[in-house]
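Two independent chains are provided; combine them into the complex using the hints.
Protein sequences, first through last, are from chains A and B.
Numbering that gives the first Met the number 0 numbers the first residue of the first sequence as 0 and each following residue consecutively.
Numbering that gives the first Met the number 0 numbers the first residue of the second sequence as 0 and each following residue consecutively.
Errors might be hidden in some of the hints.
[Unchecked claim] Residues from chain A that keep clear of chain B, each with C-beta distances beyond 10 Å, as calculated: (1) 92; (2) 105; (3) 109; (4) 129; (5) 181; (6) 192; (7) 221.
[To be verified] Stretch by stretch, here's where chain A covers chain B in the computed footprint (C-beta under 8 Å, at least three residues): (8) 8-19; (9) 38-52; (10) 101-108; (11) 248-258.
Everything labelled a hint here was simulated from the structure, so no lab data went into it.
Note that the Cβ used here is the ideal one computed from N, Cα and C, for glycine as well.
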Amino acid sequence: MPVPEAPDGGAPPYISARGLTKRFGDFVAVAGIDFDVARGEAFGFLGPNGAGKSSTMRMIGCVSPVTGGTLRVLGLDPVTDGARIRARLGVVPQEDTLDLELSVAENLYIYGRYFGLPRRVIRERTAELLEFVQLAERANDLVEPLSGGMKRRLTIARSLINEPDVLLLDEPTTGLDPQARHALWDRLFRLKQQGVTLVLTTHYMDEAEQLCDRLVVMDKGAIAAEGSPRQLIDAYSTREVVELRFGEGEQQDVSGKVDGLAERVEVLPDRLLLYVANGDATLAEVHARGLAPSSALVRRSTLEDVFLRLTGRTLVD
Amino acid sequence: MGSIALRSLDYWLIRYRRTWRGSAASTVLTPVLFLAAMGVGLGSLVDRSGSAGNLGGVSYLAFLAPGVLAATAMQTAAGEATYPVLTGTRWVRTYHAMIATPLSAAEVFTGHLVWMVVRVAMTCLAFVAAMAAFGTLHSAWAPLALPAAILTGLAHLTPVAAFSARLRNDAGLAALFRFGIMPMFLFSGAFFPVSQLPALLRAVAYGTPVWHGVALCRGFTLGQGLTVGSALLHAGYLTGWSAVGFVLARRSYQRALVR
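The shape of chain B in the complex, shown without the other chains (with noise of 0.2 Å):
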């Protein structure tokens, strides 16, 4: 079954070689903008107010980095996971296209996933070519970051795919991002650490995958925070998302195609 769902990714590829130049240079800009207008800019100002012990002792450029590129994982996760997967059930069809050859239904979003992947990984790994630019991987462990970012990645891709499939329309999406990513993006422990949330917003940012994430991709770089016990339980954690989502989506797809 494997390599039957990869027949799909020649697809994907062939789309994408149509629109990646646009794509390509926000991915790349992106995290540049980012770091240099919060990390470096608004940075300057934490870094002067004295906040360095409820950053770990570090600057925080050097804290915001990690965070936000565990938030871009996620991010952009959402936006693979939801219109490209109602262009396949709705708007161009291209699923129902392909389950009319060998193709099954689970195939579909199988392949499907792999390309998701690959652009959350092009996209991660943008993020931490930025982030080696402006000096913030202070570890040797910082390389692990990547493979931590995209398995945050993969924890939102199957659950939001899983969602979007059993969309009739974009009105769901619009609310995803509004209540669910969004409030994710800024309340996750990528901008302050969640330390300074009240405590019940706290435990709900602790059940979140994308504090975990972060905590991770934190603790990679930074060299500091993590203990290999803490580091396999945010990344079983993240996998339990993703395989959960997995299940599902793969539910959604055959739902959504084989009526």
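Next up, chain A with everything else stripped away, as it sits in the complex (with noise of 0.2 Å):
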């Protein structure tokens, strides 16, 4: 079982990038970026659509030349090594690829056979991967049918058909209800402890708290921050936040009345965020000021105050 090491550890990162640059003619995806991800490690893009996570993800599945600055994936340079990297990697895809029209099984098998793996070894993981999956029982079963939520379960086990060193998943639960979330974070979650390199999109800050332990905050192309979920928090975010909400018109009357109150105070269209290390006391104060809103929220910071502080703007709009 592969031991998770630090970025600054002894062995050579599975990824490296130094002034990572896409540009589609006029347009920079990603605008120079420097990551490392170690073995073992799970490592995340956090940032709004267009952010350039997807180009930097088909960068690294080597499906998109990089325009300029250097890359490495498992040791191998993408220009030269692209087949045999893709070799060694599994693919989540943004947009599912799966073919509707074949069974659960013969999407898997016919994924096996891109790799060139013999077909006894695709049967033995096939049922492996289905059982992993829980989709055993829907084996024979058309995928067209399918929930989205199946789907993208049926697409991790296809990608894991080759035993990858490195899971890159694109988005992994966009669209997907809250229960199939979960059920999806708790499959990415056992792979995380099994030792599997996982490198993940997202635009959900609870997705990259529940399953990263490094990642960088992308905005407009360039990395905005980079450190663990908890790291990030403790340095762009104060422990608690005060949520509070206001009457129709009132927030504008209120804005200027709760000066000294926080470190910090962001006014969003519909509620004002109050940073503070005490979310109770503050509250109190806010009570005695004789500010009455219609709705007060005690919280722990998250990843979105975070990006709210970097860049002035919410994840998910």
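Shown next, in the form of structure tokens:
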């Protein structure tokens, strides 16, 4: 079982990028980013749509040529060793590419064949993998009628058919309902425990917090910050947040009256966010000042707050 | 690279297994219906009108059958290299699943092309069998009409695939069939000699690969009208289209899949 190592530990990183750039004509999708992913690590790219996450993933997956900078995946250069790298990757693309007219087991079979695996090996792994993603009973059913969550789990099973060293997941739970998302996270968490290196993109802060040992916050093609979820929250936010909502039109009048109550105040269109160490104490002061919010909530800081601080925008609009 | 490209063959085979009944029935029935209606039915009128001189002294059925064989090869090729290609690039994105594995874009094309050729060959084989049943194989050279028809198919598979891989949607395909495949099917010598066409259109017909396919297939089944030199010229022309199309298609696939 592979042992996770720190990125600055002895072993060379599994994935390493320096000044990595992707341009489409005049448009810069990825603007010279640096990052390392260590073996056994769960590494995330967090950012809104259009931040350059998918372009980065496609370059790591060796299906998109690097425009500038250097990229090494598993110690190899995608320019010269794309096929060798891809043989050791598992890819869960943003849009499903399953063949809906084939059965669940057939989808795994043909994918295994692309890797040149013998039929016997594919059969054995298919049984194990369908068990793992809880689709064993559906092995001979067509893919078409499966739910979105089941299709996603099948795509994950498919990406594991070659026993990859690195699993690339591009927005793995976008579009799924909460229950299906949790089922998927549970499977991914198990893979992580088994030592599979996970690289994922997401615009869900809870997903990043659940799964990532370390992540980079991306915005407009650049990396805005890097660290573990805990480190990022400590560095860019406070321990707690007080969310205040006011009635129609009242928020404008209120925003000046909270001065000095918090380390930082964010004014969003629908609410005020007060960044503080102790939320309950602050809320008591808010009331003491005679403010009457229509609703008030004290919560812990999340990566959403980190993102707001770094970019001045929310993650999911 | 050859053997890696063939890794995708299992996929095309499994897909075909799901739909083969319907397509096999039409593959066998279409030539029978065509030869019966056009060759025997319409042919009896043509033969009575004393047109045999224009047809090289043979019955209309014997004239028509090898021509429609070549035209069918073209039409089958156009079908195989259009909608299934867009299914791979756009609709189901099966090609994108393939290039996430060790397969390259060029290998994805080569593997699919091998399968397309198999499909064209199956259709041509069924057509030649129907021709034999209708007694239209008049020469010892007739078996060569089968590879000639497959080559005709190949000469259309590669350029059409190169075209299809560049499309964003199927609007371009409707135009391809309406203004390309359909007119070539009707006016490239399958149904009547192109000598009947006005000079300008005749020159256009000579430039189409399918006219050369028709000439080859007809020459082989009738045992007349071909010399070694002209046969090699026709085959060379078709090979040229196949080769240029092959290079263009690999470029198209690279552009469509690797961005």
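Results for each hint:
no. : hint    : result
1   : 92      : 7 Å, violated
2   : 105     : 6 Å, violated
3   : 109     : 4 Å, violated
4   : 129     : 17 Å, holds
5   : 181     : 26 Å, holds
6   : 192     : 25 Å, holds
7   : 221     : 21 Å, holds
8   : 8-19    : holds (count 5)
9   : 38-52   : violated (count 0)
10  : 101-108 : holds (count 3)
11  : 248-258 : holds (count 3)
The structure shown violates the earlier hints numbered 1, 2, 3 and 9.
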